[in-house]
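Asker: Here the protein sequences line up with chains A and B, keeping their order.
Just so we're aligned: the first sequence equals residues 1 to 293 in the numbering used here.
Just so we're aligned: the second sequence equals residues 1001 to 1348 in the numbering used here.
Since the hints were made in silico from the structure, they are not lab data.
Among the clues, some could well be false.
Calculated pairs, DMTMM-like style, for lysine to aspartate or glutamate (alpha carbon to alpha carbon, straight line, at most 25 angstroms) [said to hold, decoys possible]:
1. Lys171(A) x Glu1083(B)
2. Lys29(A) x Glu1279(B)
3. Lys1200(B) x Glu113(A)
4. Lys29(A) x Asp1135(B)
5. Lys189(A) x Glu1083(B)
Calculated from the model, a selection of chain B residues having no Cβ within reach of chain A, i.e. all distances over 12 angstroms [claimed, not checked]:
6. Leu1014
7. Lys1018
8. Arg1105
9. Ser1114
10. Lys1323
Note that the structure is a prediction, hence the values are computed from the model and not measured.
Every residue, glycine too, gets a C-beta built ideally from N, C-alpha and C.
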Amino acid sequence: MHAIEETIKETCKKLWDDGEVNRILAWEKGLFDHDAAPALFRSRERISHLVYNEHCGGNLSKFLIKEMEKEGKVLVLLKPCDTYGFNQLLSENRINREKVYILGVPCGGMRDERGLLFKCLSCKGNDFKASDQIIESDLSVPAPVPSGEEEKLNKMTAEERFAFWRGQLSKCIRCNACRNVCPACSCIKCVFDNRDSGIETKANSDAFEENLFHIIRAFHVAGRCTDCGECSRVCPQNIPLYLLNRKMIEEMNERYGTYQAGENPEAKSPLTEFKESDPEISAEYGKGGVSSC
Amino acid sequence: MLKMPLKCLDALFLELSKEHQVFAPMEKAGSVSFFPWKEGDTVCLDTLLTDHSPKSFFFPQSETLYRARREEGSLSIVPEEAEEISSVYFGVRACDRRSFEILDRVFLSTPCDSCYESKRRNGYVVTLACENPEDTCFCQTFGIDPAWPGGDVSVWIADGDLYWKSLTEKGEALTELVEGLFEAGDHEKAEEEKAKIRKKLEALPLKDLSLGRFEHPDSAMDLFESEQWETLSDTCLGCGICTFLCPTCQCYDICDYDTGHEIRKFRCWDSCMYPGFTEMSHGNNRNSQMQRFRQRFMHKLVYFPENNGGVYSCVGCGRCLRKCPSSLNIVRVIKAIGESDAEGGNDE
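Can you build the whole structure from these sequences, using the hints too?
Answerer: Here it is, written out as structure tokens:
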């Protein structure tokens, strides 16, 4: 990993010296060994503080939105899985491809002090779906290990499932970290922050979280969620939010055919494209399109 | 000093719950926080820090202040009655206990906040010494001693026994309730436990953290101009994790909730990290994440101490160190800005 980090630094310096980029979005050392902090490097001198190790779990794509307002090209380090979120932002015109230089960095699975990150258990593989240059290495991502949680939920009765989500979502403290980190949640003004929307609230009330916030968010990102797992990674209350999104993905795959958001920025999401072969949901599943709940 | 076998904890709680509602750290849906205890519940005394800070005992995340209703052409305003329920908070750590003193300065100073005051007055704080402090702890920076945690009663756990020391009148009242379960405890044993804890503190990575320039109020306003704020806040997500988990953050918003039948006036925690924080008719006084980020730390480390006899609004609990998705915690701020030279730059 150290050799990879050195190669990354040298590559960054070269691109900086060539005038290709004038900022770098990467990681620097945090407080502890198991702690790498996302950072924007605004000077060439600071590149010496850049780190890349097995603790660089976050996806830096979301930070690119803010960088689009600035002059010049920003270099961003993206792992294979991060490129899906990047493509999603690109397809929604939230970032300008011309203003980004993607340095693809290899990944052998990311860890925190407890071990392999949960999101790495559903790794999408070694392929970069977007890049300008890739740091070569023999590092390989971990093999996916199904969590089995989706099946467990599917097997529950509607009452059990309701109780499960009540328990989980009542922990929510409305910190909005899941939304703020999500590459599919990039509205300039979120409906939940908009006084005129009628559903803006800062309070954590059980009725609100359980009936509105997370459910609406899951619907809102349906067809655009890449299943990157960042929402669950950042949740300070350990709510398995990914399960809501996976359910949406599962339902859509079943009806419209398998689709992976972020794989190809040119592809149309099943919910934004109409085909005559699309199922007639209400005819097939009854009013509301409910199949098994 | 009193002692009882730890295995009799249930009996202790049962006795306490005859006169008080007892709160203790418990696991619920994979997360440990303080919940009301009832017979048969398992208490997690091994958990160093609860996910939620205990500030919500006295300052809940949302609470109704009054209800307004139009009745036959007139408007009635009904203030929410303060609940006078006495509660025992068992297992509060030294850092979190200190946070109550900081909240007191805000809510109990004139004009006294009656919602907070009644809960505080009815609360009995039983602290628990930190047998196993963790790498993210830095309470010592603020003069807090996790081996001697304070409160109304302090509790130590050593060799399967629970040691109980009452420290206030409220503590004495609790002791009277439960005395029958205890025998006289060996003072030396608790002292040994304290010494053990203090030894562990010596090995912590942040034990020598000093506030640097934040310690000298004369130069503190210069800190406002530091270029480091921009550099640090570049990757702030603008979420509310730090604020909401922080035991000392005490800002709130007051809002209306229209139920369709009445208006419920409530207050709820707010975060200075949010763009809509203290929004006024002319707009917002802090428009960038850098300004919001700077405000949070300047408040904790400069403005609050300036207005409160040098008391910082941080207790070193380390929740932000554990949970910030961007590792943008207060220790990194202290290191980057507090330890930088007066010109605002450091070698990074």
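Asker: It remains to establish, for every hint, whether it holds in the given structure.
Answerer: Evaluation of the provided hints:
1. With a CA separation close to 23 angstroms, the supplied pair Lys171(A) and Glu1083(B) stays within the 25 angstroms bound.
2. A threshold of 25 angstroms between alpha carbons decides the hint, and for Lys29(A) with Glu1279(B) the separation of about 35 angstroms lies outside it, so the pair is violated.
3. At roughly 20 angstroms between alpha-carbon atoms, Lys1200(B) and Glu113(A) fall within 25 angstroms of each other, so this suggested pair holds.
4. Annotation: proposed proximity of Lys29(A) to Asp1135(B) holds, straight-line Cα distance about 16 angstroms (limit 25 angstroms).
5. For the hint pairing Lys189(A) with Glu1083(B), the CA-to-CA distance comes to about 38 angstroms; that exceeds 25 angstroms, so the pair is violated.
6. Under the 12 angstroms C-beta cut-off, the non-interface status given to Leu1014(B) relative to chain A holds; the minimum distance is some 26 angstroms.
7. Remark: the non-interface label on Lys1018(B) is consistent with the geometry, its nearest Cβ contact in chain A lying 28 angstroms away (cut-off 12 angstroms).
8. At roughly 24 angstroms, the least C-beta separation between Arg1105(B) and chain A is larger than 12 angstroms, which holds for a residue marked as non-interface.
9. Non-interface status of Ser1114(B) relative to chain A is upheld: no Cβ of that chain comes within 12 angstroms, the nearest being about 20 angstroms off.
10. For Lys1323(B), the requirement that its beta carbon stay farther than 12 angstroms from each beta carbon of chain A is not met, with the minimum near 4 angstroms.
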